[in-house]
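Undergrad: What follows is the residue order along each chain.
2 protein chains.
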Amino acid sequence: MATFAPTPRTTVRRKPTRGVYDRETVFAILDEALICHVGFNDAEGRPVVIPTGYGRKGERLYLHGSAASRMLRSVAEGIPVCIEVTIIDGMVLARSTFHHSMNYRSVVIFGTAVPVTEEAEKFEALRIITEHLVPGRWADARVPAPQEMKGTAVLYVDLEEVSAKIRTGGPIDDDEDMDLPVWAGVVPIRLVADTPIADDKLRVAAQVPDYATHYKR
Amino acid sequence: MATFAPTPRTTVRRKPTRGVYDRETVFAILDEALICHVGFNDAEGRPVVIPTGYGRKGERLYLHGSAASRMLRSVAEGIPVCIEVTIIDGMVLARSTFHHSMNYRSVVIFGTAVPVTEEAEKFEALRIITEHLVPGRWADARVPAPQEMKGTAVLYVDLEEVSAKIRTGGPIDDDEDMDLPVWAGVVPIRLVADTPIADDKLRVAAQVPDYATHYKR
Chain A
1 MATFAPTPRT
11 TVRRKPTRGV
21 YDRETVFAIL
31 DEALICHVGF
41 NDAEGRPVVI
51 PTGYGRKGER
61 LYLHGSAASR
71 MLRSVAEGIP
81 VCIEVTIIDG
91 MVLARSTFHH
101 SMNYRSVVIF
111 GTAVPVTEEA
121 EKFEALRIIT
131 EHLVPGRWAD
141 ARVPAPQEMK
151 GTAVLYVDLE
161 EVSAKIRTGG
171 PIDDDEDMDL
181 PVWAGVVPIR
191 LVADTPIADD
201 KLRVAAQVPD
211 YATHYKR
Chain B
1 MATFAPTPRT
11 TVRRKPTRGV
21 YDRETVFAIL
31 DEALICHVGF
41 NDAEGRPVVI
51 PTGYGRKGER
61 LYLHGSAASR
71 MLRSVAEGIP
81 VCIEVTIIDG
91 MVLARSTFHH
101 SMNYRSVVIF
111 GTAVPVTEEA
121 EKFEALRIIT
131 EHLVPGRWAD
141 ARVPAPQEMK
151 GTAVLYVDLE
161 EVSAKIRTGG
171 PIDDDEDMDL
181 PVWAGVVPIR
191 LVADTPIADD
201 KLRVAAQVPD
211 YATHYKR
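From first to last, the protein sequence lines are chains A and B.
Numbering-wise (the working numbering), the first sequence opens with residue 1 and increments by one.
Numbering-wise (the working numbering), the second sequence opens with residue 1 and increments by one.
It is worth saying that the hints were derived from the structure and are not from the lab.
Be aware that a few hints might be false.
For identical chains, the list gives no copy identity; a pair is met inside one copy or between any two copies.
Calculated lysine-lysine pairs in the BS3-like style (CA-CA distance at most 30 angstroms, straight line) [as the list claims (entries may be wrong)]: (1) LYS15 to LYS150; (2) LYS15 to LYS201; (3) LYS57 to LYS201; (4) LYS201 to LYS150; (5) LYS57 to LYS150; (6) LYS57 to LYS216.
Please build the complete structure, drawing on both the sequences and the hints.
TA: See below:
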């Protein structure tokens, strides 16, 4: 199916025209963003949010690192999560403070984070996560050794209950404010990568790879 | 006190040397980042994470917008939240995939989000949030009218249980990997603002303000 079926939790209620449910748009946002923000409950049922890297393969999102280890501390068989990803595209300066806004593309996922236990899938998940963060890197770097695989927690979340929310364009002011002597418009915002900095412990005469020199999201 | 007292929840356990508790560092991260990620439980106790703008005044963080309205739907007298803010500074390319990382500065806040009801504080909170997003803007734009104030939900969270986590510098590879023929280093990442785009409905001959032309975080 080309779109995610909206559920009570994923139906965008505030500014519903900004809600987007088609897979292509959702996947494009997930693939462009760098990190996600994983919400879950601790053992006492209190909310916790942790930023972490991730990667997507088809309808499955993979997480690892500190989020995984903290979540796995308490639960081994799956834990309810809300995963949020946001890209900021601009600051929207309206004539009134009330209509100030941001241009953004965000995705919210409700699901269950489950540990990846099968060795081959775990290896593939680490490839997916590495390639998400630095496309092209997996082919160059040393792949995980068996003991490193053991020391890495990887979780997956199936993408089923998902929606995106997008704002684009200029400010929307009230008619009676249109003649105020105030500049209005958008300040575009984006992530850029600067010239790569070689590790000062680099012993080999390795060239800076293209994917580092031309890194972009 | 110059530092936040670590609690069981804010003590950085994974990579504890990256934990930072001094107010100056925490406040600098909060003041530089654009948005925060607010985690709370819905009426069924399930985790929800919402991105939103915010602003800080002293030891108090103010939130408004969709997070506030969604949270206020269910609870009027305060709701436990976890607020996370993250700035990505670089992609860390190690010789082994296992040691790949990011340079980042993040803050996690545990607290209670409480509606701001006093009119003067609410007005000031809106100023703080606007000035956080676009410093200098409040003096130019039309300030909130009484009916706009009514239509805006604002919450505050007192900064008491707070910690930061910071990673800087190059990759840390294992000794036995140091001679691998692989480039290693950091790709620096930052947010930039491009040339402001005037609203095409701009009727007045207003100059682009300096804070828009030279917008930066």
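Undergrad: Can you list which hints this structure breaks, lowest number first?
TA: Per hint list: single violation, 3.
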